[in-house]
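Sequences are here, hints too, so could you generate the full structure?
Protein chains in written order, with the numbering used here: chain A, 1 to 113; chain B, 1 to 110.
Treat the hints as calculated values from the structure; they're not laboratory data.
Quick caveat, the model's predicted, so the values are computed rather than measured.
Glycine residues also receive a C-beta, built at the ideal position from the N, C-alpha and C atoms.
Misleading hints may appear alongside valid ones.
What the hints assert, rightly or not - Negatives, chain B to chain A, calculated, CB over 12 Å: (1) Gln11; (2) His12; (3) Glu96.
Claimed, not checked - The list that follows gives simulated cross-link-like pairs (lysine-lysine, BS3-like), each with its CA atoms no further than 25 Å apart: (4) B:Lys51 / B:Lys36; (5) B:Lys36 / A:Lys38; (6) A:Lys44 / B:Lys59.
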Amino acid sequence: DAMVIQNPRYQVTQFGKPVTLSCSQTLNHNVMYWYQQKSSQAPKLLFHYYDKDFNNEADTPDNFQSRRPNTSFCFLDIRSPGLGDAAMYLCATSRDAAAYEQYFGPGTRLTVT
Amino acid sequence: GQQVMQIPQYQHVQEGEDFTTYCNSSTTLSNIQWYKQRPGGHPVFLIQLVKSGEVKKQKRLTFQFGEAKKNSSLHITATQTTDVGTYFCAANFGNEKLTFGTGTRLTIIP
Numbered sequence: 001d002a003m004v005i006q007n008p009r010y011q012v013t014q015f016g017k018p019v020t021l022s023c024s025q026t027l028n029h030n031v032m033y034w035y036q037q038k039s040s041q042a043p044k045l046l047f048h049y050y051d052k053d054f055n056n057e058a059d060t061p062d063n064f065q066s067r068r069p070n071t072s073f074c075f076l077d078i079r080s081p082g083l084g085d086a087a088m089y090l091c092a093t094s095r096d097a098a099a100y101e102q103y104f105g106p107g108t109r110l111t112v113t
Numbered sequence: 001g002q003q004v005m006q007i008p009q010y011q012h013v014q015e016g017e018d019f020t021t022y023c024n025s026s027t028t029l030s031n032i033q034w035y036k037q038r039p040g041g042h043p044v045f046l047i048q049l050v051k052s053g054e055v056k057k058q059k060r061l062t063f064q065f066g067e068a069k070k071n072s073s074l075h076i077t078a079t080q081t082t083d084v085g086t087y088f089c090a091a092n093f094g095n096e097k098l099t100f101g102t103g104t105r106l107t108i109i110p
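So this is what it looks like as structure tokens:
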């Protein structure tokens, strides 16, 4: 089945130790999104790629970076995780613009010790 | 920035009772989508509304888009335990992004 896959599902990192989360999709969608979701809160958009074009949200900290080497894969890099970065990180895809539904992966739960 | 308010934040209902959640924007929307997130799960798309005054139904779920395209509602008739979760509206203001509402967490008392 076509889907959005996130690895790992759970990630524990130390304060200040760089970490990379990965997302892959078999849907061949043009748009890939990264969201941060903290407990009992709505998903918060960090950035998205429209094909190869990177779009950063104004309030996304510089500590968060992303790469999209090809259509299928997208990575979230956290350069120096702080305790406040502990959250669920959700990857989503959309066929084209936001006029289309978003397909979410299962998420990676990040713990910072 | 563009925000979408959603109420109520929590709703506890007896099984079989109805449930409604509302979303409001101060800005006209291009479209609005609804997602359901089960406890421990990820958001799953339910529906998209595009036209002014649009009403769509999915079994016991009824979705409405306001005439001014600034508000929307989701109504569930005769709730069941499988309806448990958080319901999010997600607004599109005419670009590639969705702005999620704050969500309404529905719990069902059997």
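Hints, one by one, checked against the model:
{"no.": "1", "hint": "Gln11", "in the structure": "holds, 14 Å"}
{"no.": "2", "hint": "His12", "in the structure": "holds, 15 Å"}
{"no.": "3", "hint": "Glu96", "in the structure": "violated, 5 Å"}
{"no.": "4", "hint": "B:Lys51 / B:Lys36", "in the structure": "holds, 21 Å"}
{"no.": "5", "hint": "B:Lys36 / A:Lys38", "in the structure": "holds, 16 Å"}
{"no.": "6", "hint": "A:Lys44 / B:Lys59", "in the structure": "violated, 30 Å"}
Of the numbered hints stated above, those contradicted by the structure are hints 3, 6, listed in ascending order.
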